[in-house]
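Heads up: the sequence lines are chains D and L, in that order.
Okay, so the first sequence: first residue is 1 according to the working numbering, each after it adds one.
Okay, so the second sequence: first residue is 714 according to the working numbering, each after it adds one.
It should be emphasised that the hints constitute simulated quantities derived from the structure, not laboratory data.
Quantities reported herein were computed from a predicted structural model and do not represent experimental measurements.
Just so you know, not all the hints are guaranteed correct.
[Unchecked claim] Partial pick of chain D residues on the chain L-facing surface, computed with a CB cut under 8 Å:
#, residue
1, Met57
2, Ile89
3, Lys127
[As the list claims (entries may be wrong)] Pair by pair, the computed Cβ-Cβ distance ranges are:
#, chain 1, residue 1, chain 2, residue 2, range
4, D, Arg374, L, Lys924, 38 to 48 Å
5, L, Glu921, D, Ser552, 40 to 50 Å
6, L, Leu739, D, Arg374, 31 to 41 Å
7, D, Ser80, L, Lys944, 42 to 52 Å
8, D, Gln68, L, Glu921, 28 to 38 Å
Beta carbons: idealized from backbone N, C-alpha and C, even for Gly.
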Amino acid sequence: MTKQPILEAEHLCIDYRLGNQWVNAIRDVSLTIGAGEIHGLVGESGSGKSTLALALMRYLAPNARVSQGDIRLDGVSLLSKSRPEMERIWGRDLCLVPQDPLAALNPAYTVGEQIAEVTRQHQGLSKSEAWSGAVAMLEKVRISDAKAVAQKYPHQLSGGMQQRVVIAMALNTRPRLLILDEPTTALDVTTQAVILDLFRELLHEHQAAALYVSHDLGVIREMCQRMTVLYCGEVMASAPVAGVYQRPIHPYTIGLLASIPRVEIGASNTRLPTIPGTAPSLAQRGQGCVFAPRCPVALDRCYTEKPELETIIHERMVKCHRWGEIDARTLPVDYKDFLAESKEPFFNAKRQSGTEAKQDVPEETPEYVLKAQRVSKTFGGRSLLKRLLMQPDSRVQAVKDVSVNVRRYSTLGLVGESGSGKTTLARCIVGLETADEGRMTLLDAALPPALTDRPAALKREIQMVFQNPSDTLNPYQTIGQMLRRTLERLGAASSPGNVEKRIAELLAAVRLSDDYVNRFPNELSGGEKQRVALARAFAASPALVVADEPTSALDVSVQAVILNLLKDLRAREGASYLFISHDLRAVSYLADWLIVMYQGQIMEEGTTEHVYSIPSHPYTEALISAIPSTDPLEQNKHIRLIAEPNQSTERSGCPFAGRCPRQIGRICEDEAPPWREAGDDHRIRCHIPLDELKKLQSNGTPVQAALDKVVPA
Amino acid sequence: MTGYIIRRVLLLGLTLLVTSALVFALTQIVPGDVARLILGRDASPEQIATFKAQFGLDVSPPQQYVNWLGRFIVGDWGRSFTGGNLPVRPLVLERLGNSMRLALMTLLLSVPLAVFLGMIAALRENTWIDGLVSIGSLAVVGLPEFVTALVLINGLALGVRELGLPSTSMVPNNTLEDWVRQLILPALTATFVLLGYIARLTRAGVLEELKKPYVRMATLKGLPRRVVIVKHVLRNALLPTITVIAISFGWLIGGLVVIETVFNYPGLGSLLVEAVKQKNLFLMQAIVMLVVTIYALANLAADLLYGVLNPRIRLG
């Protein structure tokens, strides 16, 4: 018995109109998804995965068209449908779960209304029927107190809750096919893990088919049965998930998997393999294999002759001339760090006279670049009027009595979920926020909390790299103007000639060629922009660079490049890092010392090695276990933090108590946990004695089931 | 929200207090002695002293301000210097009523039309419809009011007599129909001034909202285009328009001097010009205070409405 697949796309081609001509964007893509199946669609930004996903819903940009092929839902072609017919299918049989739930929800209506309007439209329900249906759906996505949540507006909900609302909206009509467009990319790993469980369960229950679009190979491995790898609008490989991770065959897949940093102990001396070059724009694809220019095993033939998508065995397809050799393991596909091979000269403006490497820095330099003692920061205040009206206290203590020391030439990693205070702490150190309390010193000189009180020399020593380089580069300045201005403002170069020389050095240091001087940011890719941001941060040879999620907005292959660069720059410029990330894989690659923060407090600190191995704080344990792994041998522990953190100012006990899967009793809620020393300055703040914690974590004792439902924050 | 309203109302009070001082100061620095100007060059010192005593002008300026403000608040707005020394208040309030009617009529005509045109232009971006709306509305805004007014008088009142639109407001108006007829041409003239502005703002607002992911989401929920536009897009796109409408309302109340003059319409604007010419102090002060109050109230109403329509402000 062959079951009718729910979605079939056959030889689908999509074109875009650029000026007066049509450019082919999606080329000959075929996909089938059966009932209950989750199909992964992987690709980097610009690969066309979102275009394809939306096109499968027959939703195209005004300047796009389907030039070839067919899309069938339950055997019926969608391409012949009129717009009103599509309106009856959208939201009923074919639903979208979008990437950014806050942006996808209308800010002016309650979430209940936005869920209810779907059934009012498609099933002709009355207002009250649709509303109670919406509340029931919210309960189904495990929101406790669904009635109250339905009355809320999108901005009043946390990211995880917003995502649940969007899922409820999509499943409200029991659709046949769901398109999940990077639905958890904007979430914390812990929230992501919970949402992924929910997807799996609900999709199974509804027997709906789903297309899961993601750039995160770990998520795809956890979620999907089959996956398709898209590169430059073409399918590179399509196969059952298990096989791909065990034995990837396509060189591109191999490269993607290799460039993901692993949570590995002692990995900090290695370099990440990277895929050389950048993806070509759609208009400049050659006649050969689209991946050939970046492929380490490409032959001459690969440049001239396009490979076919061939079936290897049972549903496993690959588009590569050399798959036979790779599959037979006679042809190793090795990616190195291609940037490391570059031989461009590099020297440091500040220390260029005589000395060349950081090891030669004079002995008297202090051991710690930065010492921050007992820093606290509270946001919001209570005005007289608020007190008169007896409005609730809206103050949030973002950072609570935190001490951090950054050792010279090392990297301090700061991890935690959003709302953990890690960014606020960093901003206090840089001076973008003024700490309420605490004492900071930089290179043994007192560092005043307010930026305006800091002497120029100190300001120069701390620089920051932000998450989104597109937002931090002035679109109206060329890269050269930008670096020149930075150098001049920071007084980092003595003469105009030195400025030009330094700019050239900086560009070389971030492996950008000289002609980038005259380019504007919009001519650069995301990774290149971040490299410019790095060059700018290093312009004045700072002692401390604070990097706030510098790779979170980037693809894995680009992330690898940036992480390698950060490593190089640290060594060559003699800087130290405060590296903030929610991605524990990226942090582990760079950091020597880790601090785990939760709700403004430090829960655990120690060397990266110690923090990642047991015993660790139950919160750290949960963070690590929530990372979707790409390692086929790794068994996920699946610790799920169900409740979401709530921000309250006064609580006497452990801040993690409400969510802790290893909570031992009232003591956790009532008393502040003690610091427990695990040796080598590795410290854990927990009521559970370390021996016991170690025992619990080593024999894999299943964690106690926490609350079943989410409590709205 | 309660705290917000209270804060805004307190701020409104403060604004009015500051304006009252400014208004008073302005009337003080008008060159020339008021009493002499009113009574003529031949008035004797005794006559002038009597005049000053009668109108309370014989005390120090700060004292005059306090007296005036105190009386103004309790509703005694003083008497006119001219025309039989009638109390100012009934005269001003009558004119205010007229101005209100004209302003409301104008908004009734201009807002729906402008929003409609702006929306159409946005939905048909870069087509000839868009071009027509954008260029047309700009062309109309550029015309001086008296030109539009004269064109309308010639075209509609005199050209198409069947419409029965009076070209002047100096006709008896007993019925509602008369009222409306009388308002149409001046309101239409003011509409032309506002139209382009509001239409362009709406167009920009709709275009910006159309780009947002929630519009795509609403479409992919299977909602018909009409629902997506009216329920989802317009609701958010019109938020900035509200503020502009409020500011326009203030202008409609006190600033329609030209239109009121051309149509002989007895509004507040022309009365103010009259009062300034006559150095009719209390009349001037009363009108300016009133116009400022209405401006401030309209803005407060707009801000509150903005808050009601925008949950992000209302619920923080």
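Query raised in the report: Which hint numbers does the structure go against, in order from smallest to largest?
Result: Result: hints 3, 5, 6 and 7 break, sorted rising.
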